[in-house]
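Enquirer: Chain by chain, the residues:
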Amino acid sequence: DGGITQSPKYLFRKEGQNVTLSCEQNLNHDAMYWYRQDPGQGLRLIYYSQIVNDFQKGDIAEGYSVSREKKESFPLTVTSAQKNPTAFYLCATSGTGAIYEQYFGPGTRLTVT
Amino acid sequence: GQNIDQPTEMTATEGAIVQINCTYQTSGFNGLFWYQQHAGEAPTFLSYNVLDGLEEKGRFSSFLSRSKGYSYLLLKELQMKDSASYLCAVKLSGGYNKLIFGAGTRLAVHP
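Residue numbers (the numbering used here), protein chains in the order written: chain A, 347 to 459; chain B, 249 to 359.
No lab work stands behind these hints: they were computed from the structure.
This structure is a prediction, so every number in the text was calculated from the model and none was measured.
The beta-carbon is built from N, C-alpha and C at its ideal position, and this holds for glycine as well.
Each hint should be verified, as a subset may be incorrect.
[Claimed, not checked] The calculated label-pair distances, taken between Cβ atoms and stated as ranges, are:
| # | chain 1 | residue 1 | chain 2 | residue 2 | range |
| --- | --- | --- | --- | --- | --- |
| 1 | A | Lys429 | B | Glu325 | 41 to 51 Å |
| 2 | A | Lys429 | B | Glu262 | 40 to 50 Å |
| 3 | A | Lys416 | B | Glu262 | 44 to 54 Å |
| 4 | B | Ser313 | A | Lys429 | 38 to 48 Å |
| 5 | A | Gly362 | B | Glu304 | 45 to 55 Å |
| 6 | B | Lys316 | A | Phe358 | 37 to 47 Å |
| 7 | B | Glu262 | A | Thr425 | 45 to 55 Å |
| 8 | A | Phe358 | B | Val298 | 40 to 50 Å |
| 9 | A | Thr442 | B | Glu303 | 18 to 28 Å |
| 10 | B | Glu325 | A | Pro421 | 41 to 51 Å |
[Said to hold, decoys possible] Listed next, the in silico SDA-like pairs over lysine to any residue satisfying Cα-Cα at most 25 Å (straight line):
| # | chain 1 | residue 1 | chain 2 | residue 2 |
| --- | --- | --- | --- | --- |
| 11 | B | Lys346 | A | Gly386 |
| 12 | A | Lys403 | A | Lys417 |
| 13 | B | Lys346 | A | Pro385 |
| 14 | B | Lys316 | B | Gly279 |
| 15 | A | Lys403 | B | Gly279 |
| 16 | A | Lys403 | A | Gly441 |
| 17 | B | Lys305 | A | Gly349 |
| 18 | A | Lys416 | A | Gln402 |
| 19 | B | Lys346 | A | Arg455 |
| 20 | B | Lys346 | A | Val398 |
| 21 | B | Lys346 | A | Asn374 |
| 22 | B | Lys324 | B | Thr271 |
| 23 | A | Lys403 | B | Asn251 |
| 24 | A | Lys355 | B | Gly288 |
| 25 | B | Lys346 | A | Glu370 |
[Unchecked claim] Covered stretches of chain B, as calculated for chain A (at least 3 residues, CB under 8 Å):
| # | segment |
| --- | --- |
| 26 | 286-293 |
| 27 | 346-355 |
Modelling step: build the complete structure from the supplied sequences, incorporating the hints.
Expert: Structure below.
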C-alpha cells in the first residue's frame, strides 16, 4: 500500500528532553513537509524539503530540526529550545514542479509536561 | 502578511446543503485547496481551484472568485459522516508548493 506513516500516534515527554518524530513515505514523492496544528489555528509550516539532502525553514522553525538523508524519510526533532512543544504534528508529501496536492500522514500528538 | 478567514463553526441537518466560505488576502496566488479533517486524523484532499468558477465532484463542489479573494465549499445531501473540520488553503506563487492554511471550519451534522 502506498502511503505515509508517522509513529507513534501518541508521544509523551518530560520538559527539557529532545524527541524525534518519524515520517516515512513510499509514494515516491520528492517534497516533504512538517506542520504543526494547534486548536483554533491553521496548520503552520515548520520545515520542508524538496530533495534529498536539502531542506528549508518554514514559518515556525525555531526549536526544531530535520534531516533528509533518504527520499523516503524526513524525521523531525523537537528540541528543548521549543517553548510550546505540545501539539499535533503532521507530515505531508507532494510531487514537485507543477501544482500538486499535499498528502498527509496520520499525525503524532506530542504532549510535553 | 497572509490572511485566510473561515467561520469557526457551523451546524447543519442531515440531508441538507451547507456552504462554507473562505476569504483570503495573500501575497500571490496560485490555487486554492479544500481539505477535510476528522478529529485527530490527517487532512484529506477534497478539491482544487485555480481558475474562477465552480468545480463539481459528486456531493462536493468548490467555487473560486480570484478578483474577490473568495471561495466556498458546497456540501449537498449531508451525511452524519460529513461532520468534520474543513480547511481552506491557498498556494502561494513561487518555487515550491507552499500552502497557507485557514484555521478551519468545524461542521456538525445532526439528524
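Enquirer: All hints are to be evaluated individually against the structure, with a verdict given for each.
Expert: Outcome of the hint check:
no.: 1; hint: A/Lys429 <-> B/Glu325: 41 to 51 Å; verdict: 45 Å, holds
no.: 2; hint: A/Lys429 <-> B/Glu262: 40 to 50 Å; verdict: 43 Å, holds
no.: 3; hint: A/Lys416 <-> B/Glu262: 44 to 54 Å; verdict: 46 Å, holds
no.: 4; hint: B/Ser313 <-> A/Lys429: 38 to 48 Å; verdict: 40 Å, holds
no.: 5; hint: A/Gly362 <-> B/Glu304: 45 to 55 Å; verdict: 52 Å, holds
no.: 6; hint: B/Lys316 <-> A/Phe358: 37 to 47 Å; verdict: 46 Å, holds
no.: 7; hint: B/Glu262 <-> A/Thr425: 45 to 55 Å; verdict: 46 Å, holds
no.: 8; hint: A/Phe358 <-> B/Val298: 40 to 50 Å; verdict: 42 Å, holds
no.: 9; hint: A/Thr442 <-> B/Glu303: 18 to 28 Å; verdict: 23 Å, holds
no.: 10; hint: B/Glu325 <-> A/Pro421: 41 to 51 Å; verdict: 42 Å, holds
no.: 11; hint: B/Lys346 <-> A/Gly386; verdict: 21 Å, holds
no.: 12; hint: A/Lys403 <-> A/Lys417; verdict: 18 Å, holds
no.: 13; hint: B/Lys346 <-> A/Pro385; verdict: 21 Å, holds
no.: 14; hint: B/Lys316 <-> B/Gly279; verdict: 14 Å, holds
no.: 15; hint: A/Lys403 <-> B/Gly279; verdict: 22 Å, holds
no.: 16; hint: A/Lys403 <-> A/Gly441; verdict: 19 Å, holds
no.: 17; hint: B/Lys305 <-> A/Gly349; verdict: 23 Å, holds
no.: 18; hint: A/Lys416 <-> A/Gln402; verdict: 16 Å, holds
no.: 19; hint: B/Lys346 <-> A/Arg455; verdict: 23 Å, holds
no.: 20; hint: B/Lys346 <-> A/Val398; verdict: 18 Å, holds
no.: 21; hint: B/Lys346 <-> A/Asn374; verdict: 19 Å, holds
no.: 22; hint: B/Lys324 <-> B/Thr271; verdict: 21 Å, holds
no.: 23; hint: A/Lys403 <-> B/Asn251; verdict: 20 Å, holds
no.: 24; hint: A/Lys355 <-> B/Gly288; verdict: 10 Å, holds
no.: 25; hint: B/Lys346 <-> A/Glu370; verdict: 20 Å, holds
no.: 26; hint: 286-293; verdict: holds (count 6)
no.: 27; hint: 346-355; verdict: holds (count 7)
Violated hints for the displayed structure: none, as all numbered hints are satisfied.
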